[in-house]
Each structure stands twice: as C-alpha cells, then as structure tokens.
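**Student:** Sequence:
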Amino acid sequence: MALAAMVPWPRARDVHARRSDSRRLDSARARADGPLGTRRGPALFHPGRRDGSWRRWLAGGDDTAVVLHVGRLAHEKNLRVLIEAWRQARAALGQRATFVIAGEGPEARRLQSALPFVRMLGFLPRTDLATLYASADVAVFPSHTETCGLVALEAMAAGLAVIAADAGGFRESIGRGANGLLVPAHEPHGYAAAIEALVKDPAARFALAAAARDRALSRDVAHENAELLDGYARLAGRSARRTSPCAA
19 MALAAMVPWP RARDVHARRS DSRRLDSARA RADGPLGTRR GPALFHPGRR
69 DGSWRRWLAG GDDTAVVLHV GRLAHEKNLR VLIEAWRQAR AALGQRATFV
119 IAGEGPEARR LQSALPFVRM LGFLPRTDLA TLYASADVAV FPSHTETCGL
169 VALEAMAAGL AVIAADAGGF RESIGRGANG LLVPAHEPHG YAAAIEALVK
219 DPAARFALAA AARDRALSRD VAHENAELLD GYARLAGRSA RRTSPCAA
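All letters in the sequence shown, in the order written, are residues 19 to 266 by this note's numbering.
Treat the hints as calculated values from the structure; they're not laboratory data.
Quick caveat: nothing in here was measured; it's all calculated off a predicted structure.
Glycine residues also receive a C-beta, built at the ideal position from the N, C-alpha and C atoms.
Since no wrong hints were added, every one of them can be taken at face value.
Here are the computed distance ranges between Cβ atoms for each label pair:
no.: 1; residue 1: L253; residue 2: T145; range: 38 to 48 angstroms
no.: 2; residue 1: A132; residue 2: D232; range: 28 to 38 angstroms
no.: 3; residue 1: G66; residue 2: P143; range: 17 to 27 angstroms
no.: 4; residue 1: P124; residue 2: P220; range: 32 to 42 angstroms
no.: 5; residue 1: L235; residue 2: S131; range: 31 to 41 angstroms
no.: 6; residue 1: E205; residue 2: R137; range: 23 to 33 angstroms
no.: 7; residue 1: A109; residue 2: S236; range: 36 to 46 angstroms
Model the full assembly from the supplied sequences, consistent with the hints where possible.
**Tutor:** Quick look at the structure:
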C-alpha cells in the first residue's frame with residue numbers, strides 16, 4: 019500500500035501526484051522492501067514493540083482502546099468514509115476509544131477539521147511507526163484502491179485487529195475468516211459497527227489479532243503473486259514466470 023508514513027515524504031509527495039503514480043509507488047515499495055513490505059520484516063513489525071509510554075501518551079493507559087489509521091492522506095484513500103465512520107464510532111464509544119492518524123497528504127487539514135477529537139501524528143520514521151502499530155489495538159483501512167494490501171499485513175504482523183475495505187489487495191492480505199474484518203468499502207456504518215464491536219469485546223479483539231499475526235507471518239507474497247501471474251498466463255494461453263509488482 020502506498021503510504022506517506024512508509025516512504026520518505028519528499029519522494030511520496032512527488033510520486034503521489036496522481037492515483038496512477040500512487041499505484042506505481044505501491045509496486046516499487048513492495049519490490050524494494052521485502053517480506054511484509056518492510057526492510058526488516060517481522061522483526062520490525064512485532065507486538066513486542068508495544069510501549070507503555072506511547073499508550074499513556076495516546077490514550078492515558080490500557081483501559082482506552084487505540085483505533086489507528088496509517089496512510090497517505092489523499093482523496094483516493096476513501097477518507098470521506100473514514101471521517102463518517104469515526105464520527106459514528108466516537109458517538110457510540112465516547113471515552114472508551116481514542117482515534118489516531120499517522121501520515122501526511124493534501125487531505126490532512128480537512129481531516130483535522132472534520133475530526134477534531136483525532137490525534138494527528140503526521141509523518142513518522144519507520145521505527146516509530148512500528149512502535150505505534152504495536153501500541154495500538156485496532157487498525158482501520160477504508161481505501162478500495164489498494165493493489166497489495168501491505169499496510170494491512172504490517173498492522174497484522176504488529177498484533178492489531180484489522181478492519182479494511184472488502185476490495186482490492188485487502189481481500190488477499192487479510193483473506194476470509196478469522197484474520198480480520200472486511201467491510202463494504204463505501205459503508206461508514208459497517209466500519210463504525212466493526213470498531214464498536216472490537217472495542218467493546220477485548221477477548222474477540224485479541225483472538226482476531228492473534229490470528230491476524232499468524233496470517234501475516236505465513237504469507238509468502240513473492241510466491242503467491244508468482245502463482246497469480248502464472249494463472250493469468252495460462253488464461254492467456256501462454257506460460258510465464260515473472261516477478262510480481264507485489265513480490266517481496
């Protein structure tokens with residue numbers, strides 16, 4: 019997934035000028051980074067990085083759930099749905115949850131205005147981003163234009179319960195079943211209901227997060243996408259074995 023918080027911001031600003039450029043960055047990042055789209059793999063995105071001082075800073079402690087969105091803050095990331103979903107979830111949960119966004123982009127100011135209760139952290143270095151992931155509880159990704167869904171894998175590897183759009187790369191990275199919650203991409207109420215359910219039921223949240231981490235660690239992105247390309251090649255009546263844009 020192309021995220022300003024996952025690449026140096028000057029580069030992201032240049033590459034993300036258009037949606038097609040955003041998708042090219044997805045591919046370039048995945049080729050360069052390796053397993054789980056990270057330069058250090060599961061050692062970087064790990065629940066062991068959970069930090070009590072970050073929890074206190076974000077939420078005051080462990081009694082308040084931290085609901086997180088990480089990404090480039092741009093129109094194509096379906097932020098209109100995120101805004102409405104978080105408003106609904108906030109109304110239902112009150113002080114039981116705190117909402118945090120990490121990332122930069124042209125929609126940052128509008129998000130801050132629309133969601134004054136949200137902690138806007140801006141760009142974070144990758145080590146701080148890994149600590150933020152591990153110190154949160156639920157990650158929400160409403161974009162329906164993702165190619166690889168790598169951001170979901172990173173959140174899952176860090177031990178978060180993930181709610182994402184039932185579209186694009188998230189279907190592949192999360193899969194069906196107990197690894198995460200897939201929601202119709204354009205239905206804010208679905209995201210809000212999923213957030214409310216996970217915040218109110220820590221046991222279900224922990225079980226989902228554990229399964230999600232297992233899923234993230236078991237994924238061999240290079241192998242899966244090579245198989246996908248072979249499938250396309252067979253459908254076209256020819257054989258091919260090439261490196262996938264989403265390959266590690």
